[in-house]
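Protein chains in written order, with this note's numbering: chain L, 1 to 229; chain B, 1 to 172.
Hints are not guaranteed to be accurate.
Here are some chain L residues pointing at chain B (derived, C-beta under 8 Å) [unchecked claim]:
1. Y100
2. E103
3. V106
4. V221
5. V226
Source of the hints: derived by calculation from the structure; they are not laboratory data.
Ideal Cβ placement from N, Cα and C applies to all residues, glycine included.
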Amino acid sequence: MTTADLAKVIDRARVILLDFDGPVCSIFAQHSASTVAHELRRLLVDQAVTLPPEILAERDPLAVLRFTATLGRPAVVRLVDEATAREEVTAARTAEPTPYGREVIVAAQQSGRRIAVVSNNSAASVHAYLSARRLTSYVHPVIGRPEAAPERMKPDPFPVLAAVRELGAEPAECVLVGDSVSDIEAAHAAGVPAIGYANKPGKRERFAAADVVVDSMAELVTAFAVDEL
Amino acid sequence: MYNAIQETLDKVRIGRLTPESIRVRVLISDMTSPMAIPCRAEDQADDPGIRARGRRITDRSIHALTDAVQELADLGLVKTATTEVRVHRAAPLFKLFIINEQEAFFGFYPVVEHTVSVDGKPMAIYDAMGKDAILFPFTPSDEDASNDALYVEQARAWFDSMWGTIAREYAS
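For reference, chain L alone in the conformation it holds in the complex:
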């Protein structure tokens, strides 16, 4: 994959769908993800849920939430989903901006493209971050985690399709930028091309299915080819 491939993918894209945690910011930079995962486990134990070993060792709150979908107990799912959402809003206050994440959003807008966020984090936490960083006006819509339905998070195409529908766009004229395999899968299942953001060593290899892979968000800014750059 080359700069030419990236240019080809970007040239076709009228809409940029951004995953939030990764391409835009690191939401749990200060408010630790593993602490939140631990809190969610405590909630589950309080609800007399038996935790399998892989969940006991899990550091990702969203993996703990996804596990609740297997319990067949809607009230517990809702409880954990709401607790996760509260923690995410707290975490968003101390989230760390991704290098050149803002530049991607602003340059995409300058180039006449529309920008949406499609996140497995709660919409409220995304709004909190965008608002604190004066980015709200650039992004529409913000599609957060489907309420109390963790089985419909990415890699399910549901949130991606929700964004595409809200924008009245064709999947092929969108592109999703994500930093996990589930982003790529969700995008492709929705018929949307996907750019893998390899923000950690070893990720590039896992993004074999992505249409193109970048190591820095700055590569996207360059691809937007804005006059001032």
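Since the structure of chain L is already known, use the hints to place chain B on it.
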């Protein structure tokens, strides 16, 4: 800024206007000092790299203006031609042109965010955007001794106050 008086200078060049002398005074923001804008959008903080970019843009514009005015004297079209430039540390928030103490034009600079290249890297900045600003004319006529005349007078007084107090020599 140069564009604003280019048309007038062109008229002198082709002989449509024949002034004896031209004196231009320019007051601009000092890009060597931190100001409210231009600044980084992410944290609204000052950044010397952004100001260096602003300074390059300002320098180009000042040089173009200075050269165009000087050219008229060199060609013998006017007896004397001078351009004086001073800088101040207030942020660029508007533009104001005062012509021969008779007319004034005022335009707001909205603050816009855009991604530019700073030290070879993309950076989102808050910046003054003068390109599309509407210029409001204040052109007093003989029978109209009201607002426009007062505006031109006050604009001139403001300019002179800045020029004579907090403004400093521009080092290009």
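Item checked: Structure-inconsistent hints, enumerated in ascending order -> none
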